[in-house]
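Enquirer: Using the sequences and the accompanying hints, generate a full structural model.
In order, the protein sequence lines correspond to chains A, B, C, D and E. With the working numbering, letter number 67 in the first sequence gets 67, and the count goes up by one each step, no holes. With the working numbering, letter number 68 in the second sequence gets 68, and the count goes up by one each step, no holes. With the working numbering, letter number 45 in the third sequence gets 45, and the count goes up by one each step, no holes. With the working numbering, letter number 76 in the fourth sequence gets 76, and the count goes up by one each step, no holes. With the working numbering, letter number 71 in the fifth sequence gets 71, and the count goes up by one each step, no holes.
Source of the hints: derived by calculation from the structure; they are not laboratory data. No experiment lies behind these values; they were computed from the predicted model shown. Do not rely on the hints blindly, as some may be mistaken.
[Unchecked claim] If you want a taste of the chain B side facing chain A, the calculated C-beta under 7 angstroms gives, among others:
1) 2
2) 47
3) 56
4) 73
Just so it is clear, CB atoms sit at the ideal spot from N, CA and C, and this is done for glycine as well.
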Amino acid sequence: MQIFRVVSELVTTKRNFWLSAKPLRVVEDCFGNLEVALDPIGAKSGDFVVTIGLSAARVAAGNPKITTDLTIGGIIDHWDEDSWR
Amino acid sequence: MQIFRVVSELVTTKRNFWLSAKPLRVVEDCFGNLEVALDPIGAKSGDFVVTIGLSAARVAAGNPKITTDLTIGGIIDHWDEDSWR
Amino acid sequence: MQIFRVVSELVTTKRNFWLSAKPLRVVEDCFGNLEVALDPIGAKSGDFVVTIGLSAARVAAGNPKITTDLTIGGIIDHWDEDSWR
Amino acid sequence: MQIFRVVSELVTTKRNFWLSAKPLRVVEDCFGNLEVALDPIGAKSGDFVVTIGLSAARVAAGNPKITTDLTIGGIIDHWDEDSWR
Amino acid sequence: MQIFRVVSELVTTKRNFWLSAKPLRVVEDCFGNLEVALDPIGAKSGDFVVTIGLSAARVAAGNPKITTDLTIGGIIDHWDEDSWR
Numbered sequence: 001m002q003i004f005r006v007v008s009e010l011v012t013t014k015r016n017f018w019l020s021a022k023p024l025r026v027v028e029d030c031f032g033n034l035e036v037a038l039d040p041i042g043a044k045s046g047d048f049v050v051t052i053g054l055s056a057a058r059v060a061a062g063n064p065k066i067t068t069d070l071t072i073g074g075i076i077d078h079w080d081e082d083s084w085r
Numbered sequence: 001m002q003i004f005r006v007v008s009e010l011v012t013t014k015r016n017f018w019l020s021a022k023p024l025r026v027v028e029d030c031f032g033n034l035e036v037a038l039d040p041i042g043a044k045s046g047d048f049v050v051t052i053g054l055s056a057a058r059v060a061a062g063n064p065k066i067t068t069d070l071t072i073g074g075i076i077d078h079w080d081e082d083s084w085r
Numbered sequence: 001m002q003i004f005r006v007v008s009e010l011v012t013t014k015r016n017f018w019l020s021a022k023p024l025r026v027v028e029d030c031f032g033n034l035e036v037a038l039d040p041i042g043a044k045s046g047d048f049v050v051t052i053g054l055s056a057a058r059v060a061a062g063n064p065k066i067t068t069d070l071t072i073g074g075i076i077d078h079w080d081e082d083s084w085r
Numbered sequence: 001m002q003i004f005r006v007v008s009e010l011v012t013t014k015r016n017f018w019l020s021a022k023p024l025r026v027v028e029d030c031f032g033n034l035e036v037a038l039d040p041i042g043a044k045s046g047d048f049v050v051t052i053g054l055s056a057a058r059v060a061a062g063n064p065k066i067t068t069d070l071t072i073g074g075i076i077d078h079w080d081e082d083s084w085r
Numbered sequence: 001m002q003i004f005r006v007v008s009e010l011v012t013t014k015r016n017f018w019l020s021a022k023p024l025r026v027v028e029d030c031f032g033n034l035e036v037a038l039d040p041i042g043a044k045s046g047d048f049v050v051t052i053g054l055s056a057a058r059v060a061a062g063n064p065k066i067t068t069d070l071t072i073g074g075i076i077d078h079w080d081e082d083s084w085r
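Expert: Structural data, given as structure tokens:
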């Protein structure tokens, strides 16, 4: 699993049916690389989160039919820039 | 999931049966690296899209038997070069 | 499988149900890059471990429903900085 | 999916049973990095191909029991060094 | 699939049950990066091997319940430093 910081929400009006209507978040890793994660737990911009990838991402989304490959799994209680790198 | 820009269509006359006849797009990431994604929703060159990888890519293609490992999941409403990097 | 050193525990009070209550560890590779692994076997900070990724990570967690993508699979008997790089 | 150029055949007399007797090709990406792909469609050295990875690779091999993680999915009609990078 | 050279055996007395008792090998890629692979076919140190990743790794281990994500699939007949890079 990986540690990301939530950057912003991402809106895709034209969207694959199976991606569902769950919110998508743009997240960044410690190098500033961006990815997109499905968010079933309600993380806010600036939160540090643990993300779940691979087939586990679909289970973590609450339904294995949801076609995500990256899902937010938890909000980290204590994390800051210094822990990151 | 990752954010790519659609570059062009990709034609492969000699093609694996299970890859189906769905269109393939060459897509690039923010560093200009190229990958190939199956496109079930009709993205155009220049569109910024969210792609779904892994086993979820097959479900997103509309049929788990389709042998894609990267499928376009949605067209992003608002994105530009500045958001990318 | 990959070789990591355990850095610390990671606490996520707000956590996806299927991630279970098993402990999470922050682990680092030989370049100092950080990832997060589920730990079903009780590794301690400083231990060198072999991690299992992908769908096998869920089986290794003791239950395929557990939504981990990285699980500690074994503690290495003999390993040190010199073997690492 | 990724774009590779076929470099050569690869012979492994001592081979895992489930890898089957299908030909293996050494392929290179645009940076010259090498990987090995199963070839069910008969690509020749120098051909530019689209490869299918992940669990889809096994389906693309014609039998999900075949233990490949990279399978050639199609030969690209028009591609050259300039398109690559 | 990827090409690695076998470096050494790896002993983990405290090991996840499902990782089984099959030997683990430390393997290196052409850049000297290390990974760990399950070895069901008996490769020796110095051998160049083709490794199978992802879910196919478990099938290649002889039992899908074995929690490996990298398994040696074949020993390459002819390979040397010059072919590698």
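Enquirer: So, for every hint listed, does it hold in this structure?
Expert: To see whether the hints hold, each was checked on the structure:
no., hint, verdict
1, 2, "holds (6 angstroms)"
2, 47, "violated (9 angstroms)"
3, 56, "holds (4 angstroms)"
4, 73, "holds (4 angstroms)"
In this structure, the one hint that does not hold is number 2.
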